[in-house]
Amino acid sequence: MGIIQTEKLTFEYAKHDEEGNVIGMNRAIDEVTLDIDPGSFVAILGHNGSGKSTLAKHINAILVPTEGTMWVNGRDTKDPMELWNVRQSAGMVFQNPDNQIIGTVVEEDVGFGPENLGVPTEDIWKRVEDSLKAVGMIEYRSHSPNKLSGGQKQRVAIAGVIAMHPKCIVLDEPTAMLDPNGRKEVLRTVQELREKEKVTVILITHYMEEVIDADHVFVMDEGHVVMEGTPREIFGCVDELKKYRLDVPQVTMLADELKKRGLDIPNGILRTEELVEALCQLKQNT
Amino acid sequence: MSIKAEHLNYIYSLGTAYEKQALKDVSFEILQGQFVGVIGHTGSGKSTLIQHLNGLVPATSGKLYYEGKNIYDEGYDMRALRGQVGLVFQYPEHQLFEVDVLTDVCFGPKNQGLSPEECEKRAREALELVGFPEKYYKQSPFDLSGGQKRRVAIAGVLAMNPKVLVLDEPTAGLDPRGRDEILDQVAYLHRETDMTVILVSHSMEDIAKYVERIIVMNQGEKMYDGSPKEVFAHYKELEAVGLAAPQVTYILNALAEKGMNIKTDAITITEAADEIMRNFDD
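Just so you know, the sequences run in chain order A and B.
Per my numbering, the very first residue in the first sequence carries number 4; after that it's consecutive.
Per my numbering, the very first residue in the second sequence carries number 2; after that it's consecutive.
The shape of chain B in the complex, shown without the other chains (with noise of 0.2 Å):
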C-alpha cells in the first residue's frame, strides 16, 4: 500500500522554443498512512509532482505506481485512482459553485454514481470531519467565511473517501486561527482514519509543527527527503535555494554559535525550550 515513483520527468511544451523540464528523474515512496510536508520556492515543481499523483498530469517518461500498479499502464482505471487520491488546489473556495453546502459536498460521490442517500451520508460525514457546524449545511457556500470555505471545499474531496490525501497550500491568506484550526483537523483526520496526507507549504513553521516527513524540491528535482529534523539540520542550505527553516532553528544556531552548549535540531517551539532550559537548570 504506497504511493511509488520511480524515475519521473516530466517536460512542458516538449518540441517547442517554451520547452522546459519541471520534473527531473524523480523517485521516491510514500507508504500508507505517512503525513508528509512538499516544501521548495514558486516553481521548484512541487505543484506539477503533486498533480502527477492522481494523474492530472502524465509524466513525460517515468512510472508512477499506486498500490504497486503502474498508472500508466494501459487500460488502468484513472477514474478509480482519482476517488483514492483526493487533490486539493491552491484557494480551493475558487471552485465552490453549488446552491448550498451540503450540495456541493455531494458533487464528489455524485460523480462516482453512488447513490442520493449515499451522497448525503457521505457529504454529512466529510463536513464533520472538518469540523463545519450543521446549522450552516443550507447556507450559500459564498456567504461563509475565507476559514469555512475552504473546509467546504476539503470536505468536498473528502466524501470521496480518498486514501490519501493531497493539500496544495491549504491556508494561504488564512488568518493565523484558521491556519491552525484547518492544519489541527488535517492532522486530527490523519490521525483518526489512517489517511495518508500529502501537504504543500510555504509555511516552514507549519511543516515543523505537523509532518513525520519532508521532500524538498529544487528545479524539477529532489533535493531532500528525511525527517524534519534532518532536513531543517540544512537550513543554510534550504536558504540558497530560495526557502528557510522554522525560526526556532535560527534562534538556536546562534545560541550555539554564542558558545552555549545546545544541540541545534529542535524544530517546535516546546523542544527549543526543551533544549535551552537544560543550559539553565543545572
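With the rest of the complex left out, here is chain A (with noise of 0.2 Å):
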C-alpha cells in the first residue's frame, strides 16, 4: 500500500446565494482514484480551479472526501481518532511564506510543531538544529523571520514541516511568489530532502520547469486526473497540455519548434543539456 491512497475519492460543497440558501452542488475533486508509492517525488499539474489544491488538502485532511476514502501512511483521513497521525504524517507549505510563519525568531518557528507534538524538550532542539540544517538555514537560527528572503522563508517552513517528522510533505505552489533565484533555493532544497531524508515528496506548481524531475506527474482537470505518467510521457504531449491550459517548458517548447521545422530530434526532450547534445549530434552527422 502506497504512502498516500485514494479509493474514488469525492468532495462536494455546496454554491450559496446572496440569501445564504444552497443553491447546488459543486464537484471540486470526482471520484479520484491514485496511489502514491513511499519515497517518490510526485508532481500535480492543473489549471487555477482545476482541484488540485482540494486534493493537496485532504492529504493532511484539512478537508476530509465527501464520498470516497483517503489514506495517508495507511490510516483514513476521515477517522476523527487519527486526524493527529495523519497530520503528523503528512505535513504541508504553502504558497504565501508570509501568512506561515508564527515566530519572532526562525528556530522558535521551526520549534511550534514539534512542541505541538508533545516532543521532549531536548529532542525539539535536536530536531529544530537537523531541520535547519536540511535546509541549509541554521546559520540564522536566531534571525527574525521578517527580515528573510521569500525563498529564505519558504526554506524556514519547510523546516518547520519537517520537524514534525512527516512521512510525507505537500507543497502548494511554494514558488508562485519568489523571484528566479528564490524558485531555485526551495527546489533544490526538496530535492535534497527526498534524497537524503526519503520524505515523499508532493509539489503542486504552475512552473512546467519544476517538474522535470519529479518520478510521477498527475494532470487535474475539473476534478479528474486526466493525465499521469513520467515527466518525458506528460510533456511529450504538448497539444493536449495546452488544452488543460497547461504549457511544457521552454527547452521542450524549441526542441518541438525545431522537430517542426525538420529536425531530427528525439521527442520528450526536457532539459536544456539534452537538447544542446541532441543537436551537437546532428551537426556531426552533417
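What the hints contain is simulated information worked out from the structure, not anything from laboratory work.
The beta-carbon is built from N, C-alpha and C at its ideal position, and this holds for glycine as well.
Mixed in with the good hints there might be a few duds.
[To be verified] Pairwise CB distance ranges, derived in the manner of DEER restraints: (1) 100(B) with 201(A): 50 to 56 Å; (2) 125(A) with 231(B): 56 to 62 Å; (3) 140(B) with 285(A): 50 to 56 Å; (4) 194(A) with 237(B): 21 to 27 Å; (5) 201(A) with 73(B): 57 to 63 Å; (6) 4(A) with 140(B): 41 to 47 Å; (7) 15(A) with 140(B): 54 to 60 Å.
[Said to hold, decoys possible] Sample of chain A residues facing chain B (criterion: CB under 8 Å; computed from the structure): (8) 179; (9) 264; (10) 286.
[As the list claims (entries may be wrong)] Cross-link-like lysine to aspartate or glutamate pairs, in silico, EDC-like; alpha carbons within 20 Å at most: (11) 286(A) with 282(B); (12) 18(A) with 101(B); (13) 245(A) with 240(B); (14) 246(A) with 182(B); (15) 246(A) with 267(A); (16) 259(B) with 118(A); (17) 237(B) with 258(B); (18) 187(A) with 240(B); (19) 5(B) with 226(B); (20) 210(B) with 226(B); (21) 164(B) with 282(B); (22) 262(A) with 282(B); (23) 246(A) with 275(B); (24) 262(A) with 272(B); (25) 264(B) with 276(A); (26) 170(A) with 198(A).
Assembly of the complex is requested from the two constituent chains, each provided in isolation within its own frame, with the hints serving as guidance.
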C-alpha cells in the first residue's frame, strides 16, 4: 500500500446565493483513485480551479472526502481519532511565505510543530537543529523571520514541517511568489530532502520546469485526473497539455519547434543539456 | 510626455535603528507609449520604485517629473496624478470588495467625481478591454476564478483612464494559460491605446516575450537599463544578483560553447529556432 492512497475520492460543496440558500452542489474532486509510493517525488499540475489544491488539502485532513476514502500512511483521514496521526504523517507548505511563519525567531518557528506534538524539550532542539541544517538555514537560527528573503522564508516553513518528522510533505505552489533565485533555493531543498531524508514529496505548481525531476506527474482538470505518467511522457503531449491550460518547459517548446522545422530531434526533451547534445550530434552527422 | 526620475533616493525608517536605503540615486526617463519591464530579486527596490511613480511613496530626495512637472513641487495635484498613473498591486483581487463586478470597477471613476452614467460607461469599456465576458457583470467578484478576478481588478484601474499602467507581478499564481491571457491582453492594450505599460515580473520568459526595454534593479540601484537583448546578454551578472535569463539564452550559449556558429542574443523561442536553423539549412 502506498503512502498516500485514495479510492474514488470525491469532494462536494454547496454553492450559496446571496441570502445563503443552497443553489446547487459543486464537485471539486470527482472519484479520484490514486496510489503514491513512499519516497517518490510526485507533481500535480492543473489550471486554477482544477481541483489540485482541494486534493492537496485532503492529504493532511484539512478537508475530508464527502464520498470515497483517503488513506495517509494507511490511516483513514475521515476517522477523527486518526487526525493527529494523519497530520504528523503529512505536512503542508503553502504559497505565501508570510502567512505561515508565526515565530519571532527562526528556531522558535521551527520548534512550534514538534512542541505541539508533545516532543520532549531536548529532542525539540535536536529536531530544530537537524531541520534547519537540512534546508541550509542553520546560520539564521537566531534571526527574525521578517528580515529573510522569500526563498529563505519558504525554507524555514519547510524546516518547520520536517521538524515534525513527517513521512510526506505537500507543497502547494511554494514558489509562486518567489524570484528566480528563491525558486531555485526551494527546489534544491526539496530535492535534497527527498534524497537524504527519504520523504515523499508532493509538489503542486504552475511552473512546468519545476516538475522535470519528478518520478510521476498527475494532471488534473475539472476534479479528475486526466493525464498521468513520467515528465517525459506528459511533456511529450504539448497539444493535450495546452487543452488543459498548461504548458511545457521552454526547452521542450524549442525542441518541438525545431522538429516542426524538419530537424531530427528525439521526443520528450526536458533539459537544456539534452537539447544541446541532440543538436551537436545532428551537426556532426551532417 | 514622459516619466522622468532624477537621482531618486528613498530611505526607510530614517533616523532609527532600522534605517535602510531602498533606492539609491535612481534616474531614468520613460517615454509615453513604451512597454518597460522591471526585474530584480525580492528586496531589490523594484516595488518601492514603482510606488514612487504615482506619488504613493514620496522620495527622500531627488525629483520625479510627470509630463514635465516635478510631482514633489508644492501644490502639485497628486489626485490627478493617480488618475493618470494607474497602479495594479500584487494579488489585486484581494482588493475586490463590491457586490458585483460592474459596481467594483465603477469604484475608481466614482472617486474621480464622474457621474454614475459616465462611471458605468468607463467600467464597461474597461471590462471589455480586459476581455471580461459581459454575462458575468452582475456576478459577485468573489465567485470568479483567479484569472477572471485579476482581470476585474485590472479593469478597476483601467476605468480611471490612466495614461500609464503599472503592473506589479500581474501573473503570480495563475496557470500558464491564465498568464498568457493576461499578458496578451496587456500587450493588446498597449498596442491599441498608446498607453505606457510598466511590468514588474519574476518571469524572465514573460519579460523577454513582451517588453521593449528592461530596467534591472539590484540593492536599490539601477543595474542595467536597455533592450531585452542587451540586458539578457549579461546573464551571468544577472545570476549573480539572483536573477536569470530566459531558458533559450542558456541553450544558445551552450551551443556556442560547443563550437556551433551561433549568435547568442535571441530571447524568444522563434528567434532561437531561426538562429539554430541557420546552422542546418546550408
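Query raised in the report: Are the Cα positions of residue 164(B) and residue 282(B) separated by 20 Å at most?
Result: violated (46 Å)
Query raised in the report: That 21 to 27 Å hint for residue 194(A) and residue 237(B) (C-beta), does it hold up?
Result: Once the Cβ atoms are compared, 24 Å apart, the range 21 to 27 Å for residue 237(B) and residue 194(A) holds.
Query raised in the report: That 54 to 60 Å hint for residue 15(A) and residue 140(B) (C-beta), does it hold up?
Result: violated (21 Å)
Query raised in the report: So the hint says 50 to 56 Å: do the beta-carbon atoms of residue 100(B) and residue 201(A) match that?
Result: holds (51 Å)
Query - Satisfaction of hint between residue 267(A) and residue 246(A), Cα-Cα up to 20 Å - result: Not OK: residue 246(A) and residue 267(A) at ~26 Å, beyond 20 Å, violated.
Query raised in the report: At the C-beta level, are residue 4(A) and residue 140(B) separated by a distance inside 41 to 47 Å?
Result: Holds, at about 44 Å.
Query raised in the report: CA of residue 170(A) to CA of residue 198(A), is that 20 Å or under?
Result: OK: residue 170(A) and residue 198(A) at ~13 Å, within 20 Å.
Query raised in the report: Is residue 262(A) within 20 Å of residue 282(B), Cα to Cα?
Result: holds (13 Å)
Requested in this report: With a cut-off of 20 Å on the C-alpha distance, tell me whether residue 264(B) and residue 276(A) pass.
Outcome: The given pair, whose Cα atoms are some 18 Å apart, holds under the 20 Å limit.
Requested in this report: Under 8 Å, Cβ to Cβ, is where residue 179(A) needs to be relative to chain B, so tell me if that hint holds or is violated.
Outcome: holds (5 Å)
Query raised in the report: Is residue 210(B) within 20 Å of residue 226(B), Cα to Cα?
Result: holds (17 Å)
Report task. Given the hint that residue 18(A) pairs with residue 101(B), test it: the Cα-Cα distance must not exceed 20 Å. Result -> Status holds; Cα separation ~17 Å.
Going down the numbered hints, you'll see the structure goes against 7, 13, 15, 16, 21 and 23, while the others check out.
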